[in-house]
Structures are given as structure tokens and as C-alpha cells.
Amino acid sequence: MRSDKLKAKRLRAAGLGGSLLLGLSLAVVWAHPWRSEAQQAFPLVIPYEGDLSLDGTPVDGSMDMRFHLFNSSGEGGEPLWSEERLQSTGRAVQVYAGRFEVWLGQYQPLSEVIGPDQTLYLNIEVSQPGADDWVALAGRQAVLAQPWAFWSTRSDEFVARGAVTAAALNAENIQYFGSVNPTLGNTSIGADLYTSHIDNPAMVQPGTIWYFDLTACPTGWSEVTAARGRFLVGSFSSDVGYTSGTALTNVENRAHTHNFNPTSVTTNITGSHDHTFNAPDTATGTALGSYDTSDWIGANRNNNFAIPDHTHSYDPGPQDSSTDGNHSHTLNISNFASGSASISQEMPYIQLLLCQMDAP
Numbered sequence: 084m085r086s087d088k089l090k091a092k093r094l095r096a097a098g099l100g101g102s103l104l105l106g107l108s109l110a111v112v113w114a115h116p117w118r119s120e121a122q123q124a125f126p127l128v129i130p131y132e133g134d135l136s137l138d139g140t141p142v143d144g145s146m147d148m149r150f151h152l153f154n155s156s157g158e159g160g161e162p163l164w165s166e167e168r169l170q171s172t173g174r175a176v177q178v179y180a181g182r183f184e185v186w187l188g189q190y191q192p193l194s195e196v197i198g199p200d201q202t203l204y205l206n207i208e209v210s211q212p213g214a215d216d217w218v219a220l221a222g223r224q225a226v227l228a229q230p231w232a233f234w235s236t237r238s239d240e241f242v243a244r245g246a247v248t249a250a251a252l253n254a255e256n257i258q259y260f261g262s263v264n265p266t267l268g269n270t271s272i273g274a275d276l277y278t279s280h281i282d283n284p285a286m287v288q289p290g291t292i293w294y295f296d297l298t299a300c301p302t303g304w305s306e307v308t309a310a311r312g313r314f315l316v317g318s319f320s321s322d323v324g325y326t327s328g329t330a331l332t333n334v335e336n337r338a339h340t341h342n343f344n345p346t347s348v349t350t351n352i353t354g355s356h357d358h359t360f361n362a363p364d365t366a367t368g369t370a371l372g373s374y375d376t377s378d379w380i381g382a383n384r385n386n387n388f389a390i391p392d393h394t395h396s397y398d399p400g401p402q403d404s405s406t407d408g409n410h411s412h413t414l415n416i417s418n419f420a421s422g423s424a425s426i427s428q429e430m431p432y433i434q435l436l437l438c439q440m441d442a443p
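Heads up, the sequence shown is in our numbering, so the first residue is 84 and it goes up one at a time.
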């Protein structure tokens, strides 16, 4: 397909005859700080689907396109919004057998051109990639239903005065992301109310304690300093706020010792025993000398008789000693303490800020 053949009389987009999709596409997007979270949950895009043919033959391949929104259906005027899909920026529109689909607002925000009591008109220009001649497709297509859905997402600009009841809301559960400030009139919701951020929460009572992953408590809340370094346990009604033990210091892994006081120990053992021994043989070696036998009766009574020197041997045999030996021992160890060391098996913990809601 040559660029010089892209003329208005030969090129048409059947999608301008009613292919504009009216459904609202939903997605999760990151929020700008000045917009409510409820509003930011909806990306402001318009899904558009069309047919592109040249001399009755469906176009196939990449095409550069420009999309414009005007506040009038006539010719001329400056567009309120424009978005380009160019191959040079990697955003060319892919056309398959004449059909293409784009999401308007994907690259250029639509939020500032959408408002109440406003009708917008879409105009499309087409060109071959890299060509300088653009063909504006005839006519502008009115965009009706989609912007109203966009406008309905701007919930931060609507104020309900008076009482809003569950019957009026016709909802059993409301999930709300944003600031809850029920200061105008009365808000009555029949079932559950979920909120991600509370500035002045009438549903939270003063004295409520919450954990916060913050360095300082939010406005209207004060830190529970007594909870620093302590575990929270349930309390008896008469002892609410009571503290026990020494609080942990910042990221402390506490060291400790153990004291020991052994009691006195006494033994009383019967020790009856004896000893058996063999005494060696003994002998005497004393000379006895001679004796006078003059008084002896007989023929030789007046003769002296000499007794020669001699010894005597004696074997006493085995002997037993006396029995004795009962005894006892007394052991008394003085008090002492073990060494000091950090424990590594303590309960793991994470430090968070505890804040209590102030009284009004």
C-alpha cells in the first residue's frame, strides 16, 4: 500500500458508524496524592474498535494513527485532547485483516477533559508509518455513555448532606478506600464498613490501641510508650496497663546467667574390715653358759655339767588384726553463677509502633 493512495475517498473506518464500545474498563492504578483512592481505582480509558480498508480491501499491518476529542461535531476548532500512536515511538496500531483495537487515554490522560454536561466527539487521522501525509477520516463520532461513567468515579467531589441510610444505599457491604470524615449529617450503614485510612473515625472508640508501621503516630493518636520492648498479654480488669520485668532495649538479644546453690552432702559408709598376715619364723641365739650340779643326786652329783649354747625356733602362723574403719565424708559447695552469654533461641519478634486513640 503506497502513501499516495491514502486518500479520504478511498479510506474509511467502519468503526465510526457505531463500533465505539460503551463498557467501562476496570484496572488497578497507582494513585496521585491529590486524588482519592476510590477515584484512582478506575483508569480513564475508552476502548475503541474499528475496521480499516483501502478500496474495499482490509488493511493488514502497522499503521500510524492520531486520535482527537472535540467539543463540537463540526469541522475546525482545536481538539480538547489528542493521542498519537506512532511506529517511531513503538506505539503503532496493529491492524489484522482490517480490524484494530486501541484504548484511548492509555498514554494521554483523559481525566481533565471529562466533565458533566459535556458531549465529546472523536476524530481519527491515519498514515503509513514514517509518511508525512495524514488522512483525516470523514466525520466525528459522538462519545456519549463512556464519559458519564468516568465522571461517576470522581466521588471525592460529591457531598451527601443529611442522613445516608443503608436503605438508601441499597448495599449490605461497603468497601471504602479513602478518608472517612462523618462530620456532615449522619452516616448509617447496615452491615460492614471497611476502610484503609481513618482521619476522624467515629466507629473507633477512644482508648483503642493499634499497631502502626510508622515512625510516629497519626494525628489524634499517642504512642503507648510503656509497650516499648514488651510483649502484650491479656490482663485482668483490675491490672490493665500493668507492666512486669525489664523491657528489651532496641533490637536487644538479651544475655543472662544462672545461679546455683548446691546443698551439703554427707556420706555414711560402714567400713568394717581386717587384715591377715603371716609372721616369719623366729629363733633365739643366746648362750646359756654352765650350771652347778653339785646338788644333783647320783654318782655324779658333785660334778659340774655344762649346757652348751643353743637356740629355739617359733612359728606363730597366720594372724588376724582387729576389725575397724567406719568413716564418713561431708561435701559443701559454695554458691556460684554460670557464665554470661546471649541466647539465640529466643522468640523472634518484629518492632512496630503502638498508638492509642486520644479522647475527643
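Derived from the structure by calculation, the hints contain no laboratory data. Small disclaimer: the values here were computed from a predicted structure and weren't measured. Mixed in with the good hints, there may be bad ones.
[Unchecked claim] FRET-style restraints, in silico, Cβ to Cβ:
(1) S327 with Q434: 43 to 53 angstroms
(2) V323 with Y432: 52 to 62 angstroms
(3) T298 with D216: 55 to 65 angstroms
(4) G303 with P212: 52 to 62 angstroms
(5) N415 with T329: 31 to 41 angstroms
Glycine included, C-beta positions come from ideal geometry on N, C-alpha and C.
Here is what the structure says about each hint:
1. S327 with Q434: 43 to 53 angstroms: violated, 19 angstroms
2. V323 with Y432: 52 to 62 angstroms: violated, 23 angstroms
3. T298 with D216: 55 to 65 angstroms: Since T298 and D216 have Cβ atoms about 60 angstroms apart, the given range 55 to 65 angstroms holds.
4. G303 with P212: 52 to 62 angstroms: holds, 58 angstroms
5. N415 with T329: 31 to 41 angstroms: Between N415 and T329, where Cβ atoms are some 34 angstroms apart, the hint holds.
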